[in-house]
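Student: Residue numbers (my numbering), protein chains in the order written: chain A, 1 to 286; chain B, 1001 to 1109.
Quick caveat, the hints were computed from the structure, so don't treat them as lab data. The beta-carbon is built from N, C-alpha and C at its ideal position, and this holds for glycine as well. Any given hint could turn out to be false.
The calculated label-pair distances, taken between Cβ atoms and stated as ranges, are [unchecked claim]:
| id | chain 1 | residue 1 | chain 2 | residue 2 | range |
| --- | --- | --- | --- | --- | --- |
| 1 | A | LYS203 | B | ASP1102 | 44 to 54 Å |
| 2 | A | GLU63 | B | GLU1061 | 17 to 27 Å |
| 3 | A | GLY141 | B | ASP1040 | 26 to 36 Å |
| 4 | B | LEU1036 | A | PHE58 | 23 to 33 Å |
| 5 | B | GLU1046 | A | GLU67 | 29 to 39 Å |
| 6 | B | ASP1040 | A | VAL140 | 30 to 40 Å |
| 7 | A | LYS263 | B | ASP1043 | 47 to 57 Å |
| 8 | B | THR1090 | A | PRO266 | 51 to 61 Å |
| 9 | B | THR1090 | A | GLU67 | 49 to 59 Å |
| 10 | B | ALA1078 | A | GLN27 | 30 to 40 Å |
| 11 | B | THR1037 | A | CYS101 | 45 to 55 Å |
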Amino acid sequence: MKISIASGKGGTGKTTLATNLAYLLSQKYTVILADLDVEEPNSAFFIKGKEVQQKKVFKMIPEWDKEKCVLCGNCQRVCKFNAVIKLWEEVLVFNQLCHSCYACSELCPQNALPMKSYEVGKITEFEQNNLHFVEGKLNVGEEQAVPLIKETIDFVEHNFSSDILRIFDAPPGTSCPVIEATKYADYIILITEPTPFGLHDLKLAVEVMREMKKNFSVVINRYGIGNDDAIQYCEDEKIPLLGTIPNMKKAAEAYAKGELLSKALPEIRNAIESVIEKLRTLEVLL
Amino acid sequence: MKIAFTTKGTEWDSPMDPRFGRTDYFLIYDEENDELTSIDNTDVNEVAHGAGPRTAQKLFEQKPDVLITGNGPGGNAAMALKQGNIKVFTGAVTMTAKQAYDAYKKGEL
């Protein structure tokens, strides 16, 4: 079983739910938690474990060979991403914009743009008792999250038996990185906050999940602020509500110290336990 | 001196476009023969990735000495502009092209 925790709006509690769910479930059986929010992974603040291995992730980019180049400009014409441009006597390659399609390299009549590998990030595996934690982290300045998200999922698939439960901490939003972090999942939990902004972005996330024909449900975090519109929305749309996590100043304080909320606060632990119960009722978890 | 402005129109009175990569137009003023020309860049709206380098490439074809813009080019565009020794002046956000030129002449940008 692969469960992705996604949100629409950022800062609604994806990491809180993912880390606490993984931690509590790991008290009973083996769990893998993968942080796929590779642009700003933060599950590692809450899950401390022993580092098992680290892998560098590369992408292929063209490198300009000034000696061979005849400045025909073909590379610039074929690049759909404006990652290769010819400026007077120079050809510039923008590594971050390159999608590694090889077009410029393959179609260069002089063979002046050979492809070479270029590091974009790292995948690190940690272990804490029954909890295996895998983190994908993009290097500072890199723009493309999707390839590293894919690599991180492949890493999990390659290193662990397929019968182990996987929990994916997805990036926020509804664009390509979210699609990548949810498309392989069997089940999606959307977490939101009961504010107009939270509801607005929840609706967008629901639209995406429906488009991808995913089974999904909703958790409401910071319950107690805002209003009940999100609950009403779930009822109207017949989306299962897995539970609510109470709004507490103490939760913010513990979070800011990097404490796992289900260890620090019994109220939060109870809330997450009842989410787990509900997942069992829905037969998402055994 | 050949001076390029990022603008929302094709006249001296056109407001400046504070963006570089996604500017609507360039106004090019050639001080030597007092000639004002413009380049349409509105097709950049179709571009999802790499607007900065693409627009820089377009500007390079005009070989200007100076670029006057609003917020300043982003990282990719700045890297491209560096190649061409184009002097970049920023801060002309809410002006017309003419006001930006006067401000540049007075050393206010």
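Student: State for each hint whether it applies.
Tutor: Right, here's what the structure says about each hint:
1. Here the CB-CB span from A:LYS203 to B:ASP1102 is close to 49 Å, well matched to the stated 44 to 54 Å.
2. Distance hint check: the CB atoms of A:GLU63 and B:GLU1061 are about 25 Å apart, consistent with the given range 17 to 27 Å.
3. A hinted range of 26 to 36 Å holds for the C-beta pair A:GLY141 and B:ASP1040, which are about 32 Å apart.
4. Between B:LEU1036 and A:PHE58 the Cβ separation comes to about 49 Å, which falls outside the hinted range of 23 to 33 Å.
5. A beta carbon spacing of about 35 Å between B:GLU1046 and A:GLU67 agrees with the range 29 to 39 Å that was offered as a hint.
6. Look at B:ASP1040 against A:VAL140: about 36 Å separates their beta carbons, and that is inside 30 to 40 Å.
7. A hinted range of 47 to 57 Å holds for the C-beta pair A:LYS263 and B:ASP1043, which are about 56 Å apart.
8. Between B:THR1090 and A:PRO266, the C-beta spacing of about 54 Å keeps the proposed range 51 to 61 Å intact.
9. Between B:THR1090 and A:GLU67 the CB atoms are about 37 Å apart, so this pair departs from the stated range of 49 to 59 Å.
10. Remark: the range hint 30 to 40 Å for B:ALA1078 to A:GLN27 is contradicted by a beta-carbon distance near 51 Å.
11. Range check, B:THR1037 to A:CYS101: Cβ separation about 36 Å, and the 45 to 55 Å hint is violated.
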